[in-house]
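Taking the hints into account, I'd like the entire structure generated from these sequences.
As they're listed, the protein sequences go chains A and D. Note that the numbering used here has the first sequence beginning at 1, numbered continuously upward. Note that the numbering used here has the second sequence beginning at 1, numbered continuously upward.
Read the hints as simulated data drawn from the structure, not as lab findings. Please read all numbers here as calculations on a predicted model, not as lab measurements. None of the hints are false.
Facing chain A, from chain D, some residues (calculated, C-beta under 10 angstroms): (1) Ala128; (2) Glu180; (3) Pro182; (4) Ser183; (5) Glu186.
Below 20 angstroms or equal to it, Euclidean Cα-Cα: the simulated DMTMM-like pairs (lysine to aspartate or glutamate) are: (6) A:Lys25 with A:Asp37; (7) D:Lys171 with D:Asp132; (8) D:Lys171 with D:Asp33; (9) A:Lys25 with A:Glu12; (10) A:Lys25 with A:Glu10; (11) A:Lys77 with A:Glu10; (12) D:Lys171 with A:Glu2; (13) D:Lys171 with D:Asp35; (14) A:Lys77 with A:Glu12; (15) D:Lys171 with A:Asp92; (16) D:Lys171 with D:Glu38; (17) A:Lys77 with A:Glu16; (18) D:Lys171 with A:Glu87; (19) D:Lys171 with A:Asp90; (20) D:Lys171 with A:Glu110.
Positions of the beta carbon are idealized from the N, C-alpha and C atoms, including for glycine.
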Amino acid sequence: MEYAILIYCEEEGLPERWADDDRRKAFYEDYGAVNRDLEASSALLTARRLATTETATTIRVREDEVTVTDGPFAETKEALGGFYLIEAPDLDAALAWARRIPGARIGSVEVRPIHRYGG
Amino acid sequence: MASRASESRAALERVFREESGTVLAALIARLRDFDLAEEAFADAMATAMERWPREGLPDNPAAWLTTTAQRRAIDRLRHRRVRVDKRDGLLEAELSRRESGGSAEEAVDVAHVPDERLRLLFTCCHPALSPDARVALTLKTLGGLSTLEVARAFLATEDTMTRRLSRAKRKIRDAAIPYEVPSARELPERIQALLGVIYLIFNQGYTAAQSASGERRALCREAIRLARVLASLLPDEPEVQGLLALLLLHDARREARVGEDGTMVPLEEQDASCWDWLQIAEGRHALDAAAALGRTGPYQVQAAISAVHAEAAERGREASWRWARIARLYEVLQEMHPTPVVVLNRAVALGRAAGPEAGLALLEAQLGEERSARLLEDYQPFHAARADLLRRAGQRSEAARAYRRAIELAEGSAERRFLQAQLATLEGEGGSDLPGAQG
Chain A
1 MEYAILIYCE EEGLPERWAD DDRRKAFYED YGAVNRDLEA SSALLTARRL
51 ATTETATTIR VREDEVTVTD GPFAETKEAL GGFYLIEAPD LDAALAWARR
101 IPGARIGSVE VRPIHRYGG
Chain D
1 MASRASESRA ALERVFREES GTVLAALIAR LRDFDLAEEA FADAMATAME
51 RWPREGLPDN PAAWLTTTAQ RRAIDRLRHR RVRVDKRDGL LEAELSRRES
101 GGSAEEAVDV AHVPDERLRL LFTCCHPALS PDARVALTLK TLGGLSTLEV
151 ARAFLATEDT MTRRLSRAKR KIRDAAIPYE VPSARELPER IQALLGVIYL
201 IFNQGYTAAQ SASGERRALC REAIRLARVL ASLLPDEPEV QGLLALLLLH
251 DARREARVGE DGTMVPLEEQ DASCWDWLQI AEGRHALDAA AALGRTGPYQ
301 VQAAISAVHA EAAERGREAS WRWARIARLY EVLQEMHPTP VVVLNRAVAL
351 GRAAGPEAGL ALLEAQLGEE RSARLLEDYQ PFHAARADLL RRAGQRSEAA
401 RAYRRAIELA EGSAERRFLQ AQLATLEGEG GSDLPGAQG
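Printed below as a string of structure tokens:
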């Protein structure tokens, strides 16, 4: 099974803005650890962190009419900040990875199976 | 003498109630598909209905049903021309075994049904499912209740319940919620989820007992049955024994809780000779078994509270130690679960043990917290308990106001009648402290 792990955080609360250097360092080290373990167990397919929503552009096409707007598709308190794509045998295994992601401690982490066509 | 036909119909019904959970769990574990397992099980029941009256009961009806259902599942899969891919390796093996001429008939007698109920319970009570779905799925799959019965018990339409069940089954399939006993690290947390579902099933049946519908009563029986199953599958988990004890002790008082005129009877005024003392003995036994394991928890503490009431009833109403011990147990429970409802119960016990002022002081302190105050504002037992404490403390007009608020909030007619009677008594006592009663 493939799962997407989507990390949502309040952008004002991102570690770059933390005053406590040690806390930030520990946070990044925890990311490093889970990434290494994901890679070592061949569970990791891909992972990316997104630039903040102020850089987002949203586009909609309705009957040939194209609207381009500045900003994310919805203004929410917590915004999508990054994602993992992993391979796991079942939801419990995927959740076991997700709970180790440091973003879960400051925001919310959503685990979604990847749609299987014709499955 | 009963005819063979009615005998086997009765046997079929008994097998359905007692074994459907086991058979269905074995099928789901094997087929990894709830719907297919349910359809195949229904097929097997229909075949049994047709053949058992003619041929007599098989030696092991559950094994017979499991084997027959498995064969019907394979037929259904063939019929649907479902692609058999690697995920269905077990089925593939089954198919090739059958095609190589292995006699399925001979498998019927030797087949023993593996007990997969624990794995399936963990699936049905997975935290990735909504609490409503967990309850419905557990009752439907392991409780042997029909969708209609589950719907009635939860005052939902059959359509709503069917949709809720379908959605849960789809999520189990599409998100690959496993059929596994969780790893040791996650086990304690996941057992809590199981116990929560069983307790919810029980409470749904217990709190609404006044409406006395058969479905609601069936819920209490099912919850106790599930707790027994779980206690036999996880004998070393003290909280499982604790929950079983709690349910048995509470349920033992069922008949005494509502008087002949339909008014709720408070615990200490109940006729203890109407309690089911055999069941109380079983509950105490489970509580002792839990205590012997040496790890206490909230279900054990609540069961212990219930056991104190039973002991007090045995030793006479005036048992002075009763409320002091109960207040102390609620204090322990509050340390584990600092919820406003636990504090409320502690205040009631304290009011009996140390005087109404002590209970009221605890309630006032709790109301000081904004969140608890909001939560308790619409909670009928809070106003009822506060009214009782105020009445005992001689604050009659405050007490009357609290009773009125409790009556407004009462959902069951037995509770409402009880509260109205209390208010009438209070008003009948007269006194200058009481403003004119409002209509």
